[in-house]
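Q: Top to bottom, those sequences are chains E and U. FYI, my numbering numbers position 31 of the first sequence as 31, with every residue one higher than the one before it. FYI, my numbering numbers position 35 of the second sequence as 35, with every residue one higher than the one before it.
Since the hints were made in silico from the structure, they are not lab data. One or more hints might be untrue.
[Claimed, not checked] Simulated pairs of lysine to aspartate or glutamate, DMTMM-like, Cα-Cα distance not exceeding 25 angstroms:
#	chain 1	residue 1	chain 2	residue 2
1	E	108	E	128
2	U	10	E	163
3	U	10	E	194
4	U	60	E	163
5	U	174	E	79
6	U	181	E	163
7	U	181	E	200
8	U	174	E	85
[Claimed, not checked] So the derived label-pair ranges between C-beta atoms look like this:
#	chain 1	residue 1	chain 2	residue 2	range
9	U	333	E	204	48 to 56 angstroms
10	E	60	U	333	34 to 42 angstroms
11	E	204	U	14	54 to 62 angstroms
12	E	121	U	319	50 to 58 angstroms
Just so you know, even glycine gets a beta-carbon here, dropped at the ideal spot from N, CA and C.
Here is what each chain is made of, one letter per residue.
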Amino acid sequence: MNSDEKKIAENYLKEKESLEQDRLNIPMLKYFWQASPLATNRKKSIPKFLRNIDVFKHFSDYELKTFSNFLHNRTFASEEIVIEEGDAGFGFYLIFAGNIEVYSKRQKVTEGVTENYHQLITRLSKYEYFGELALLENQSARNATAVSKGTSSVLAIYKPDLEELIDRYPVVGAKLLQALSLIVSRRFNQVTEELKTLKDKCSSLESQIVDKNVQN
Amino acid sequence: MSIKMFKTDKYKMAFFVLICLFFSVSFVMLPRIAIPFGVAYVLALMLRPIQRMLYSVEVKKKFLAIIMVVGSTFLFSYPIVQGVKTITEESYKMEYYLPKLETYLRQKYALLKYEVKERFNYEIEMNPVDKIVEFGQENTRSIFVFLPKIIGSILEWGLIIPLFLFFILRDERKVRFQLMKIIPNNIVERMYYLYHSFNTKFGDYIFAKFIEATIVGTIITTGLLLLGYPFAFLLGLLAALTNILPYVGPIFGFIPALVIGLVDQNPNTTLGAMTLLYLIANIIDLALVFPLLVSKIVNLHPIIVVVSVILGSQFGGVVGMIVSIPLAAFVKLLIQEAYIELYGRA
Numbered sequence: 001m002n003s004d005e006k007k008i009a010e011n012y013l014k015e016k017e018s019l020e021q022d023r024l025n026i027p028m029l030k031y032f033w034q035a036s037p038l039a040t041n042r043k044k045s046i047p048k049f050l051r052n053i054d055v056f057k058h059f060s061d062y063e064l065k066t067f068s069n070f071l072h073n074r075t076f077a078s079e080e081i082v083i084e085e086g087d088a089g090f091g092f093y094l095i096f097a098g099n100i101e102v103y104s105k106r107q108k109v110t111e112g113v114t115e116n117y118h119q120l121i122t123r124l125s126k127y128e129y130f131g132e133l134a135l136l137e138n139q140s141a142r143n144a145t146a147v148s149k150g151t152s153s154v155l156a157i158y159k160p161d162l163e164e165l166i167d168r169y170p171v172v173g174a175k176l177l178q179a180l181s182l183i184v185s186r187r188f189n190q191v192t193e194e195l196k197t198l199k200d201k202c203s204s205l206e207s208q209i210v211d212k213n214v215q216n
Numbered sequence: 001m002s003i004k005m006f007k008t009d010k011y012k013m014a015f016f017v018l019i020c021l022f023f024s025v026s027f028v029m030l031p032r033i034a035i036p037f038g039v040a041y042v043l044a045l046m047l048r049p050i051q052r053m054l055y056s057v058e059v060k061k062k063f064l065a066i067i068m069v070v071g072s073t074f075l076f077s078y079p080i081v082q083g084v085k086t087i088t089e090e091s092y093k094m095e096y097y098l099p100k101l102e103t104y105l106r107q108k109y110a111l112l113k114y115e116v117k118e119r120f121n122y123e124i125e126m127n128p129v130d131k132i133v134e135f136g137q138e139n140t141r142s143i144f145v146f147l148p149k150i151i152g153s154i155l156e157w158g159l160i161i162p163l164f165l166f167f168i169l170r171d172e173r174k175v176r177f178q179l180m181k182i183i184p185n186n187i188v189e190r191m192y193y194l195y196h197s198f199n200t201k202f203g204d205y206i207f208a209k210f211i212e213a214t215i216v217g218t219i220i221t222t223g224l225l226l227l228g229y230p231f232a233f234l235l236g237l238l239a240a241l242t243n244i245l246p247y248v249g250p251i252f253g254f255i256p257a258l259v260i261g262l263v264d265q266n267p268n269t270t271l272g273a274m275t276l277l278y279l280i281a282n283i284i285d286l287a288l289v290f291p292l293l294v295s296k297i298v299n300l301h302p303i304i305v306v307v308s309v310i311l312g313s314q315f316g317g318v319v320g321m322i323v324s325i326p327l328a329a330f331v332k333l334l335i336q337e338a339y340i341e342l343y344g345r346a
């Protein structure tokens with residue numbers, strides 16, 4: 001290589017380096033843009049949130065985006081009732097932020113006086129859900145009361161929205177119904193397990209009573 | 001364990017009530033906007049089954065709205081344009097029939113008066129025929145006085161209704177989702193349920209009635225044309241319109257045909273065949289069309305149906321009569337909800 005050729009090659013490399021320095025680093029910009037908390041809008045965050053819920057894992061990204069367009073975002077103040085026991089159910093709720101406590105109405109009789117009270121059944125947090133039966137039954141009465149603990153945000157889908165989703169996007173509608181069936185079957189299994197435990201407890205109590213009677 | 005709960009923010013409820021009042025007052029105060037908007041809304045509800053059908057073939061929402069607006073404009077305007085020609089001709093013929101009808105009525109009344117005098121020796125002093133003729137003339141005159149105004153309104157509506165219809169079909173869901181945000185949390189489910197029930201009942205009822213009236217009108221017009229009866233299109237249209245009224249509607253639709261049959265001494269006018277035709281059309285309606293299309297939508301007691309139609313006619317004329325039944329069904333639903341709220345679910 002002669003000196004001229006060497007000069008040309010060096011100039012070319014210098015120019016290339018300076019060009020690369022001047023060029024905008026798009027991937028880096030894209031990363032910062034996406035990492036910015038200000039850039040996170042509702043449209044992007046809801047499908048992302050839905051992706052973390054296990055019953056929606058068979059939804060594609062596009063299907064989750066479509067489903068998210070049918071959800072209502074509602075905010076509840078602390079101690080505010082989300083759904084009340086005995087009311088006609090019309091919506092299914094997914095906890096987007098905050099905590100929800102589920103209570104059931106109970107009665108106890110103390111010294112002949114009947115007293116009504118609410119018993120805590122469970123505490124639900126982000127990515128959990130409740131009220132799914134309302135989408136499957138017609139005008140079903142809610143069987144528990146859900147109360148917001150602290151400010152919470154829930155995503156709701158109501159029956160007309162589900163009907164519209166089935167009409168407009170049958171595949172997404174069918175997948176949502178599949179997810180609902182999965183939730184119901186899980187709840188059913190849970191209830192069956194609890195029933196088994198209760199029955200076992202009952203039979204052990206019965207045997208204890210029989211033993212005591214025999215001893216006496 | 002007991003929990004402290006509160007229902008909702010009072011300010012949110014007050015704001016929501018204020019918004020509802022504002023829209024209700026605006027609706028009453030601005031009839032030039034409210035009426036075409038109401039008509040477009042009812043049309044949009046009527047078109048829902050077709051909209052659902054088109055969704056299944058994956059038509060984009062914007063194109064769907066355009067297709068439906070163009071389609072419904074054509075569907076409603078074509079028969080009007082075609083029908084106006086025939087009905088105008090028949091209306092002109094009616095001018096010759098009216099004096100004939102007057103003479104017929106006078107003859108019959110004179111005969112009745114004479115027979116009463118002969119048999120019971122009693123002189124009838126009332127003259128109802130003059131009153132009927134006077135009433136008819138006054139009403140015809142008032143129609144001509146208001147005709148330019150009516151035509152002006154129809155032309156205005158013809159431009160505004162398709163525009164409203166397009167935006168309702170395209171943006172209804174967006175607006176609904178925005179409005180849902182201002183509904184307080186504790187009533188949101190109930191309000192959405194009522195809104196949905198109202199839309200479903202109203203849309204389905206109007207759609208079913210439209211189909212029912214079209215079927216009855218087509219049977220009567222075709223039958224009268226085959227019988228060679230005069231004013232077949234006019235009488236068919238009248239039968240279709242009066243069919244909207246339950247119970248008494250078919251009778252109202254039959255009376256003009258009967259009067260024409262009695263007045264017209266033409267041997268072609270077969271009175272018996274015409275009566276049979278009206279009977280068959282109404283039997284088809286009562287036995288097939290009504291149970292399949294309409295009865296499932298509104299489950300109301302016959303007395304409530306009649307009372308609501310009377311009240312509807314008193315407050316809103318013909319439109320009031322049409323909308324009275326679905327409104328009564330909605331009021332029933334509201335009462336049921338209020339009952340559940342006050343006394344609990346039985």
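Q: Each hint: holds or not?
A: We went through each hint and held it up to the structure:
{"no.": "1", "hint": "108/E to 128/E", "result": "violated (31 angstroms)"}
{"no.": "2", "hint": "10/U to 163/E", "result": "violated (32 angstroms)"}
{"no.": "3", "hint": "10/U to 194/E", "result": "violated (41 angstroms)"}
{"no.": "4", "hint": "60/U to 163/E", "result": "holds (18 angstroms)"}
{"no.": "5", "hint": "174/U to 79/E", "result": "violated (30 angstroms)"}
{"no.": "6", "hint": "181/U to 163/E", "result": "holds (20 angstroms)"}
{"no.": "7", "hint": "181/U to 200/E", "result": "violated (49 angstroms)"}
{"no.": "8", "hint": "174/U to 85/E", "result": "violated (31 angstroms)"}
{"no.": "9", "hint": "333/U to 204/E: 48 to 56 angstroms", "result": "holds (51 angstroms)"}
{"no.": "10", "hint": "60/E to 333/U: 34 to 42 angstroms", "result": "holds (39 angstroms)"}
{"no.": "11", "hint": "204/E to 14/U: 54 to 62 angstroms", "result": "holds (58 angstroms)"}
{"no.": "12", "hint": "121/E to 319/U: 50 to 58 angstroms", "result": "holds (52 angstroms)"}
In the structure shown, a violation is registered for the earlier hints numbered 1, 2, 3, 5, 7, 8, in ascending order.
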